[in-house]
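Participant: Sequence:
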Amino acid sequence: MMKFILFVIVIISLIGLIYLMLQSKRMLKEVVDENNKRPKQPGPRVLHPKLQEELNKKKVQKK
Numbered sequence: 004m005m006k007f008i009l010f011v012i013v014i015i016s017l018i019g020l021i022y023l024m025l026q027s028k029r030m031l032k033e034v035v036d037e038n039n040k041r042p043k044q045p046g047p048r049v050l051h052p053k054l055q056e057e058l059n060k061k062k063v064q065k066k
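Quick note, this note's numbering runs 3 ahead of the 1-based positions in the sequence shown.
Honestly, the hints are just simulated from the structure, not real lab data.
Treat the hints loosely; a few may be bogus.
Calculated cross-link-like contacts (lysine-lysine; reagent style DSSO-like; alpha-carbon spacing at most 27 Å) [said to hold, decoys possible]:
(1) Lys43 - Lys32
(2) Lys28 - Lys40
(3) Lys43 - Lys28
Keep in mind that this is a model prediction, so the values were computed, not measured.
Working from the sequences, and respecting the hints, build out all of it.
Facilitator: Structural data, given as C-alpha cells:
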C-alpha cells in the first residue's frame, strides 16, 4: 500500500513539473515575441566626460 501511495505522489509530482515547464516555455515565448516587436533604437555610444577628454587628448597627441 505504501509503495502505491509513493508511486501516485511521484506521478503527480512529475505531472506538476511538466505543467510548470510548459508554462514557463509559454511565458518565455511571449516575452521574446514582445521584445522582438519593440522597435530597436540603437543610440550613439556615450563616453563618460573624463574618458572623452582623455580620448581627445590622445587624438591631439597623435597628430
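Participant: Compare the structure with each hint and give your call.
Facilitator: Right, here's what the structure says about each hint:
1. Lys43 - Lys32: holds (19 Å)
2. Lys28 - Lys40: holds (18 Å)
3. Lys43 - Lys28: holds (24 Å)
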